[in-house]
Amino acid sequence: MKRILTLLLVSAMLLVCASCGQISISKKEDPEDQTTEERNSDDAAEEKEEDYEVQTEEKKKPSGKSESEYVAEKIEEAESVFKSYTDYQEALSVIRKALQKYPDNESLLEKSDYYQSFAPVDLYNLKPYKSSHGYSHMKEASDNFGNEYVNCVVKSHYNSKTEAIYDVKYLYNQFTATVFMRSDHKAENVGAVKIYGDNSLLYSKTNIDVYGRPFDIKVDVTGIQDLKIVFESSSAAEVWGMTNCMLQRTEK
1476 MKRILTLLLV SAMLLVCASC GQISISKKED PEDQTTEERN SDDAAEEKEE DYEVQTEEKK
1536 KPSGKSESEY VAEKIEEAES VFKSYTDYQE ALSVIRKALQ KYPDNESLLE KSDYYQSFAP
1596 VDLYNLKPYK SSHGYSHMKE ASDNFGNEYV NCVVKSHYNS KTEAIYDVKY LYNQFTATVF
1656 MRSDHKAENV GAVKIYGDNS LLYSKTNIDV YGRPFDIKVD VTGIQDLKIV FESSSAAEVW
1716 GMTNCMLQRT EK
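Using the working numbering, you'd call the opening residue of the sequence shown number 1476 and step up by one each time.
The hints are simulated quantities; they were obtained by calculation from the structure and are not laboratory data.
Check before you lean on any hint, since a few could be wrong.
Below, a list of computed lysine-lysine pairs in the DSSO-like style, where the Cα atoms sit at most 30 Å apart [to be verified]:
(1) K1636 to K1572
(2) K1680 to K1644
(3) K1572 to K1540
(4) K1602 to K1540
(5) K1572 to K1558
(6) K1669 to K1693
(7) K1644 to K1614
(8) K1727 to K1693
(9) K1602 to K1614
(10) K1576 to K1644
(11) K1540 to K1644
(12) K1602 to K1680
(13) K1540 to K1614
(14) K1576 to K1680
(15) K1669 to K1605
(16) K1602 to K1576
(17) K1636 to K1558
(18) K1605 to K1540
(19) K1669 to K1602
(20) K1693 to K1680
(21) K1576 to K1614
(22) K1602 to K1693
(23) K1669 to K1680
(24) K1558 to K1614
(25) K1693 to K1605
(26) K1644 to K1669
(27) K1558 to K1693
(28) K1572 to K1605
(29) K1576 to K1669
(30) K1727 to K1572
(31) K1644 to K1605
(32) K1680 to K1558
(33) K1576 to K1605
(34) K1558 to K1576
(35) K1614 to K1693
Computed Cβ-Cβ distance ranges for the label pairs, DEER-style [as the list claims (entries may be wrong)]:
(36) S1582 to G1539: 18 to 28 Å
(37) T1725 to S1658: 17 to 27 Å
(38) H1608 to Y1686: 48 to 58 Å
(39) Q1575 to R1688: 13 to 23 Å
Beta carbons: idealized from backbone N, C-alpha and C, even for Gly.
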């Protein structure tokens, strides 16, 4: 009887050991035991994960361009539309759009300043550093033909000659304006308008009839620092005016 019990106990122990071995074997994963289909499935999953990482990195760089590449492209685009000084707004528009993406880029900021330098500047908005009695800026004025003007520089009823000097800092190439006789003049005489650049006479029109029609002037002011405007008349009564007094850079 004792012998039978011993045999039964040994048999039970063997069954338990065999069972443990099966469990251990079933949990062990060996690549060699994978089927070809399983291996292909794993490789496809890894490739998909790598593709996702690449796409994510590409999204971080708009259009796949670096900042320097993008800036160079936009500067070239701006230059292509800047055929003459009158095209400064189109070129400036390209640069400003690029600055929205890279607002601190020095190359773009320099180009913005460059194109902006071609914008016309109204003399009315500048302050002369020296002027004589009777010279002034007037917001509104009219002439003897019923024309209305705004932003004028004028000679008032004080002196037969009046002048003003502006520091234009060598920035411009051209000065244009429209000269007219103000409707509130008091005498029937003649006058003159003269433009000086650094004390050199650049433009002069004399014997202007006080009832004459308004006329345009255009003066080359390249390389000029001090721009002097002079109004003269045969008496203090005549009152001259100029409007649309524009300074502009025209050379690239």
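Hint check:
no.	hint	in the structure
1	K1636 to K1572	violated, 49 Å
2	K1680 to K1644	holds, 25 Å
3	K1572 to K1540	holds, 16 Å
4	K1602 to K1540	violated, 47 Å
5	K1572 to K1558	holds, 19 Å
6	K1669 to K1693	holds, 12 Å
7	K1644 to K1614	holds, 25 Å
8	K1727 to K1693	holds, 19 Å
9	K1602 to K1614	holds, 14 Å
10	K1576 to K1644	violated, 33 Å
11	K1540 to K1644	violated, 40 Å
12	K1602 to K1680	holds, 24 Å
13	K1540 to K1614	violated, 51 Å
14	K1576 to K1680	violated, 51 Å
15	K1669 to K1605	holds, 16 Å
16	K1602 to K1576	violated, 37 Å
17	K1636 to K1558	violated, 42 Å
18	K1605 to K1540	violated, 53 Å
19	K1669 to K1602	holds, 19 Å
20	K1693 to K1680	holds, 12 Å
21	K1576 to K1614	violated, 40 Å
22	K1602 to K1693	holds, 21 Å
23	K1669 to K1680	holds, 7 Å
24	K1558 to K1614	violated, 35 Å
25	K1693 to K1605	holds, 23 Å
26	K1644 to K1669	holds, 20 Å
27	K1558 to K1693	holds, 22 Å
28	K1572 to K1605	violated, 41 Å
29	K1576 to K1669	violated, 48 Å
30	K1727 to K1572	holds, 22 Å
31	K1644 to K1605	holds, 15 Å
32	K1680 to K1558	violated, 34 Å
33	K1576 to K1605	violated, 44 Å
34	K1558 to K1576	holds, 25 Å
35	K1614 to K1693	holds, 22 Å
36	S1582 to G1539: 18 to 28 Å	holds, 20 Å
37	T1725 to S1658: 17 to 27 Å	violated, 33 Å
38	H1608 to Y1686: 48 to 58 Å	violated, 26 Å
39	Q1575 to R1688: 13 to 23 Å	violated, 48 Å
Comparing the model with each earlier hint shows violations of hints 1, 4, 10, 11, 13, 14, 16, 17, 18, 21, 24, 28, 29, 32, 33, 37, 38 and 39; every other hint is respected.
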